[in-house]
Structures are given as structure tokens and as C-alpha cells.
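Participant: Got chain A; can you put chain B on it based on the hints?
As you go down the protein sequences, you meet chains A and B in turn.
To convert, take the position in the first sequence, counting from 1, and add 1; that gives my numbering.
To convert, take the position in the second sequence, counting from 1, and add 1126; that gives my numbering.
One or more of the hints may lead you astray.
[Unchecked claim] Pair ranges (Cβ atoms, derived):
{"#": "1", "chain 1": "B", "residue 1": "G1249", "chain 2": "A", "residue 2": "Q7", "range": "34 to 42 angstroms"}
{"#": "2", "chain 1": "A", "residue 1": "D268", "chain 2": "B", "residue 2": "I1214", "range": "52 to 60 angstroms"}
{"#": "3", "chain 1": "A", "residue 1": "E120", "chain 2": "B", "residue 2": "W1472", "range": "47 to 55 angstroms"}
{"#": "4", "chain 1": "B", "residue 1": "H1646", "chain 2": "A", "residue 2": "T26", "range": "47 to 55 angstroms"}
{"#": "5", "chain 1": "B", "residue 1": "K1439", "chain 2": "A", "residue 2": "K69", "range": "30 to 38 angstroms"}
{"#": "6", "chain 1": "B", "residue 1": "Y1450", "chain 2": "A", "residue 2": "S10", "range": "32 to 40 angstroms"}
{"#": "7", "chain 1": "A", "residue 1": "N222", "chain 2": "B", "residue 2": "T1634", "range": "50 to 58 angstroms"}
{"#": "8", "chain 1": "B", "residue 1": "L1376", "chain 2": "A", "residue 2": "N14", "range": "54 to 62 angstroms"}
{"#": "9", "chain 1": "B", "residue 1": "S1645", "chain 2": "A", "residue 2": "P37", "range": "20 to 28 angstroms"}
Since the hints were made in silico from the structure, they are not lab data.
For every residue, glycine included, the Cβ atom is placed at its ideal position computed from N, Cα and C.
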Amino acid sequence: MLLAIQNLSKKYNKEKFGLKDYSLTIENGILGLLGPNGAGKSTLMKIIATISQPTSGTLTLDGHDIVKDPNYIRKILGYLPQDFGVYANLNAYEFLEYIAAMKGVGGVNLRKRIEMLLEGVNLTEAAKLPIGTYSGGMKQRIGIAQVLLNDPKVLIFDEPTVGLDPEERVRFRNLISDLAQDCIIILSSHIVSDIETIADEVAIMKSGELITKGTQATVINAVDGKVFETVLDNDLVNDFKTKHLVVNSMRQKDKMRLRYISNKPTDGSTVCTASLEDAYLFLTKNNG
Amino acid sequence: MNYYKSIIKADYLQRTRSYAFLITLAISLYIAYTFVPPSDAAYSTVQIGNFRGENNSAWIGYVSAIMTSTFLSLIGFFLVTGGIKKDIDTEVGMIIATTKISNFKYLLSKMLSNFLVLLTIAGIVFVMSIALLFVRGKGYPFEITQFILPYLLTTLPAIFFISSLAVMAEVFLGRWPVLQYLGFFIFFNVIAANVMNGTGSATKMAIDPFGVKVVTMGMEDFVQKHYDAKASLVSVGFNFSENRAIKTFLFNGSTWPSVFIISRLIWIGFSLILIFISAKFFHRFDIKEKIRKKKKNNLLENIPAGILLHDIKLSLLPSITANYAVKPFIKTELLMLFRKGPKWFWLVNLGGMIALIFTPLTIAHQVLLPILWFLQVSRWSDLATKEKTNRIHYFTYASYQPVKRLLPSQIIAGIILAVALASPLMIRYLISGDLMHVLYIFTGAVFIVSFAVCLGILSGGKKLFEILFFLVTYINLNLIPFGDYFGGLNSGIGYTGLMAAIISILLTISFALRKWEISHL
Chain A
2 MLLAIQNLSK KYNKEKFGLK DYSLTIENGI LGLLGPNGAG KSTLMKIIAT
52 ISQPTSGTLT LDGHDIVKDP NYIRKILGYL PQDFGVYANL NAYEFLEYIA
102 AMKGVGGVNL RKRIEMLLEG VNLTEAAKLP IGTYSGGMKQ RIGIAQVLLN
152 DPKVLIFDEP TVGLDPEERV RFRNLISDLA QDCIIILSSH IVSDIETIAD
202 EVAIMKSGEL ITKGTQATVI NAVDGKVFET VLDNDLVNDF KTKHLVVNSM
252 RQKDKMRLRY ISNKPTDGST VCTASLEDAY LFLTKNNG
Chain B
1127 MNYYKSIIKA DYLQRTRSYA FLITLAISLY IAYTFVPPSD AAYSTVQIGN
1177 FRGENNSAWI GYVSAIMTST FLSLIGFFLV TGGIKKDIDT EVGMIIATTK
1227 ISNFKYLLSK MLSNFLVLLT IAGIVFVMSI ALLFVRGKGY PFEITQFILP
1277 YLLTTLPAIF FISSLAVMAE VFLGRWPVLQ YLGFFIFFNV IAANVMNGTG
1327 SATKMAIDPF GVKVVTMGME DFVQKHYDAK ASLVSVGFNF SENRAIKTFL
1377 FNGSTWPSVF IISRLIWIGF SLILIFISAK FFHRFDIKEK IRKKKKNNLL
1427 ENIPAGILLH DIKLSLLPSI TANYAVKPFI KTELLMLFRK GPKWFWLVNL
1477 GGMIALIFTP LTIAHQVLLP ILWFLQVSRW SDLATKEKTN RIHYFTYASY
1527 QPVKRLLPSQ IIAGIILAVA LASPLMIRYL ISGDLMHVLY IFTGAVFIVS
1577 FAVCLGILSG GKKLFEILFF LVTYINLNLI PFGDYFGGLN SGIGYTGLMA
1627 AIISILLTIS FALRKWEISH L
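Only chain A is shown next, with the shape it has when bound in the complex (with noise of 0.2 angstroms):
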């Protein structure tokens, strides 16, 4: 499968652009989108998952224009939005065959696929509560486990790990890595990590335009060699702030240690790996 966004732009009015004159192709496996607040990674999602129209440019899915023809994909997406709510006085069970209604699924097996959904998200004993009475995070396993009540060839999840612990968050890793192996799987997250360990491609986005697409390492090797770390006294740390990108500090007694992207290093710095969260942080802050 291969999506196709060609020259997209969100206007949403004289000034202000949620999406500009944005470009890519995204073919079977995982792409983490990454990008700050107001970067247009909702916009952008919003625009695959038919429920926001772009102002110019084009949008395909095999070559299938789905801005003409919205059906096409939604037969085949599973989408988890950033802030989705749920019916209060509906159980799990019947919220599931809604949504399954709402994606024209069906068929003899339907009420067993969604006891197994619900067992997997470990749901099976709250299913018949109200979801008004659920938590936060138990409503988020909702959310995920509609995403695979059909069975989905493009997922779109939209800041997926809000809401769950840290076992959760690595169990979900696990099960976007298996989706990934036909799919199309768009990830946006805060949280570099999630995208860093299972994402195949990284897009980092920026006031509305995409600032670069490629492997991890093609996007590491942006900061590759300037990454340093070096220890202050906690006086001299605001000074050098000033004058270097400082991507992370850890307080020790009375120092600090920093971690920062340079092209010259101070004295007394050493070279560390680069990672992911560097180039992010370096490409975002130094673009614009």
C-alpha cells in the first residue's frame, strides 16, 4: 500500500496554516510523526482519517484520490484520536458494535472478535459497566480496542500512549509491531521513546511543514558527532544555556550535568551517542 500526500496545506485563514505545502509517501510499516505542539500533526491526521479537508493539494491511497472519494479508506482505517470521548450509558460491548456498525463490519464471528478485543485490553470483567464509569486509561483500551474491530490496513493513532502506565505503553509497542507487518501505521506521540523503539520512519513536523522524513539513523546522523555532555556548577548553568542547545540536565548536588548539541564543544565535554529525542530537539529548535 502506499500513501501519497502531495503539496497539502490547511489554511485556516488569511495567516494562520495548520498544514503548508506538505509532501510525503508513506508505504507499509510504522512512521512516528514527532513535532511540538502546533506542529499540524493532528491536522495532518485528521486530513488521512477523512474528517478534515485540505485546503490545496492531494491526498491517494494506491493511487485512489480518497479527499473525492473519503469511503475508500474509511473501510479500511482504524483510527485512534488524541482526545476521543465515549457513550456513558453504553457497556463495552455494545460501544464496541457501534463502532463496528459505524465501519460496516459484521458477520457471525463479530461478538467473538469483540470478547477477544475486550480480553485483550483486559476489559472482559468491566464490560457490562457503563463506560461513563471507566477511567482514563480504561478508556483508552476502548479506543484501542475499536481501532482493530475491522481489520485495518491504515491505523492512524494519535498520541495512543496518553493515558497508560509504563507496562501498558511497552505491551501497546509490542502490538503495533505486529499490526505493522501489512499495514500502514501513522504514530504521533510526545514521547520520543514510544516512536524511537518501534517506528520504521520518523517525520518531524514544525508550524505546519515537514522539516525532515527518513530512518532513525538518517534523522539521527543530522546531530551525529555534536551531542556532548558536560558538568557545570549550577551559577555557570543559566550563562551556558544561553549559548548552547542544552537537550536534557540532571541535577547532582551542587552541579548540574548537561547534555548539549554544539558544533564546538566546551573543555572538559565529552561526545556522546546521539539519539533520536537530540535530533528532535535540535531540528525543531534550530528550524525556524
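Facilitator: This is chain B only, laid out in the frame that chain A set:
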């Protein structure tokens, strides 16, 4: 004091920036335009015997003030109620609960923002009434006090009281909006029937919260003294009379008895007392706790956490097939309609259905049916907007053919509920061979659901439909043919054709707007 003002300001801005408010304002302006009919109009709004006033400053000022007082009290309650619920839904309430603002001050700020919302409408209607003098005044001089005094002494205390009543209703009946509506409906009708109409007395003048009685008593007194000793108030409202032999008289305003002015101050004080009492019972957004206490057996805490997310293997899940039928949608929509509101309320519905069997046919059709349908107002009002309010629209809008499948299912489910409730009456007509009345009721069911869906999508909320449905029901209970949507008073092919045309327009707008909405999140 600043944060106190901020709550009022934020609340006021949030409400007045809604489509529901703007549309209500537009409708209010249109209705205000009809408060003072031209001399050749086929209706009157205030009539004393066979007399009505010349359209001078006093008549226009007084009539528009009491009409605004009545009309704004009637719809204002529906417009402003829900302020606390909004804070619950948006979870702003939780932040408020942690601040030092007292319950009384919070509720008072809600009341004052309610008042400001209604005052905005009253203010615009006030300006419109002055404009009416120049349109319909035939050269009578403009006297500003004849406008200011009646608005100040009747309309303002009335909307102050309504603002307070809406807050109190939310505190005590917050979980059951339909009971708030029903309670207000009964209250308003009791006041309208026993205080605003009928013979006047100082007591009635004082206990009339809307300040209508003092004005109509003054008018009656004036006509009886100068023109006709037997003339009495016909009604306050839209009176479509066949008798066009109406004479006019020159009304120069009436005096404001001190007992009336004191009573207004008492009403304002009483409104504040209602807020004070409500503050003692206000939940301060600690709602979940209350629900949990009732549902001990269902506590989620009783379920062991275990591993929260297992490894799911997609390849091991049973295969599913394509199914684009709308039946599952209709089933779930009906389920949600059925579960909305307290369970015991179905006993009221059941009682209404039984009453449709045993009461005389005319009463069943003209009175019971519109009441029974109105009781479902909160079930229908968010029929097509609940996706957005519950943030499900990300799923529904991205689903397969949502306009062709989901929206029709919601409409069908709404109609099934309306028809089911009206079924005893429809069966009675069917047994008597009166198929036309069965058709009228069915058309009424389709209309009211289409109306709810259209106004919901148009305004993005449920408020507008709730206000207008209440207004339409009130008109129907006063047996005014204009508002008859279910064939209680009207009949014939022309009527059915008109209803079909209106329904077609409502549905066309609904589908077109929803289609646009789906791709413009």
C-alpha cells in the same frame, strides 16, 4: 472580587457566543416585532374587552414590556439553564471547586450571568420597541419614560427571578433536565392561568412574578372608567379573534402602586434567597462520589487490575465480514434514547400512554400527546449532536458513509420513539377508521424529530430545539392552530402537504450541513 467578576464575564461570553443564543436573539427580535400589531392585523396581543390602545409611546412601551416579560420568562428559563452542567462537562467545575469561591458566590455569579444573558435580549427588544413607535406610531411623540418604566419595573425583576429559578432548578434537579423543564412548565402555566389572567386584585398584582397583572389592571381600569365599564382583559398573548370590531383608545400609561414596587423588591430578595438555599445543597462538583455511593455493587474498584493490556495477535482474531446494514445503528440509537434520563420516568411515559387510551379523543390528541412528546425533549434534543458533545464524532465522521447510514438511523430511531409513545392514540384512530389522523400524528412524529435534528446540527447544541419545542408545545396547549404540527387542530391535504414540505426542508438542511460538517472538523 476580580475572580468573581471573571466567572460572570466568562460565563456570559461563553453563552452569548453560541449559535443557539444568536438564533434565539434573532427569533426574539422577530417575535418582538409582532408584540405591537399594526391596526389592520388579524390578531391582538393585549386586548381589554373590545378595546386596544392607539400605538403611542405608552401603549407600545407597556405592551412590549409585559410581552417581553412573559415571552422572555417563558423561553429564558430554557435558554439559561445548564450553566452548571456546562462546568461539569468541561471539567471547569473541578477547578472552581478547588478555589476559595463559596457556593453562594459561585451560584450567584451563575445567576447574574443568566440575568445578563436575558438582559441582553431584553435590551435589544427594548430598542426594537422604540423603533416600533416610529414604524407604527402614526406621529405620536416619543416619550422615553413610557418605555423605561415598564421595562424597569416589570421585565427586569421578572428575568432576575427566572435567572435565579434556573440556577435553583439545576442545583436540585441537575441530573434530570426533563424534570426541570416539566416543573417550570407547570409553574408557568399555573401563574399564567391563575395570576396573569382573570380578575385583578392587589394580591395577584404582588404575587405575579412577571409584573403583567399591574399593567393589565391599570389598562382595565382606564378603559372601564373612560369607555366601557364592563370591559375586562381578554388575554395577554397572541389572540387571533374573528371579531374585528375592535375600537382603540388613547392610553397614557398607568400609575405604579407602592405595593407593586415593594413586591418587586421582595421578588428580587426572594430570588437571592433561592440562591442562598440552593448553595446549602450544591454538590460543588463532587458528583461521581454520589453516584458511587448508590452503586456499591458495581464499583470498578472491585475488579482486579491484573495486566491491563495483553498481547493482542491480530491474526488470531476471528474474521469478520462486511455489513453495511443500518439495523445495528438503529438498535443502539434506540437503546441510548431509552436509557436517557431516570428509569422511573418511563412510568410517567407509560402513564401518559395509558391516558391516551382512556381520555376523550380530542383531549388525548390536543393536550396529552403534545405533553407526552414534550417530555421526551431531552431524548430528542441531542439526537444528532451527541457525537460532538460526547466527542465520538472522530469515530462517526471517519466511519463508512456516515451521512447515508448514521444520520438516517438516528432520525428513524427518534421517529420510532415518537410513534411508539403515540401508538395508543394512533390505534384508537385506526380502529375508528380515521386513517387521516393516523397520518397526521405520524407526520407530527417525523416533523418533531426532523426539527430536533435540524436545529441541533444548525446550532451545534440542544438548547435551541429545547427552547422552540417548549414554545411550540405551549402554543399547542393554548390551542393556537399556528403551532399545530400533529393534526390536533388542523387537517386536510393542504396541511399535510405543508408539513411534508417543511419536513423536506428540515431534512435537506440537516443532511447538507452534516455532509459539510463531516469533512470540516
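Participant: A separate judgement is required for each hint: does it hold in the structure or not?
Facilitator: How the hints compare with the structure:
Take B/G1249 and A/Q7: their Cβ atoms lie about 53 angstroms apart, and the range 34 to 42 angstroms is violated. A hinted range of 52 to 60 angstroms for the beta carbons of A/D268 and B/I1214 is consistent with their spacing of about 59 angstroms. Hint check: A/E120 to B/W1472, Cβ distance near 34 angstroms, so the stated range 47 to 55 angstroms is violated. Checked against the given bound of 47 to 55 angstroms, the beta carbons of B/H1646 and A/T26, roughly 26 angstroms apart, lie outside it.
B/K1439 and A/K69 have their C-beta atoms about 36 angstroms apart, which keeps the hinted 30 to 38 angstroms range intact. The given range of 32 to 40 angstroms is respected by B/Y1450 and A/S10, whose C-beta atoms sit roughly 33 angstroms from each other. About 57 angstroms separates the C-beta atoms of A/N222 and B/T1634, a value consistent with the hinted range of 50 to 58 angstroms. Between B/L1376 and A/N14, the C-beta spacing of about 56 angstroms keeps the proposed range 54 to 62 angstroms intact.
The hinted range of 20 to 28 angstroms is satisfied by B/S1645 and A/P37, whose Cβ atoms lie roughly 27 angstroms apart.
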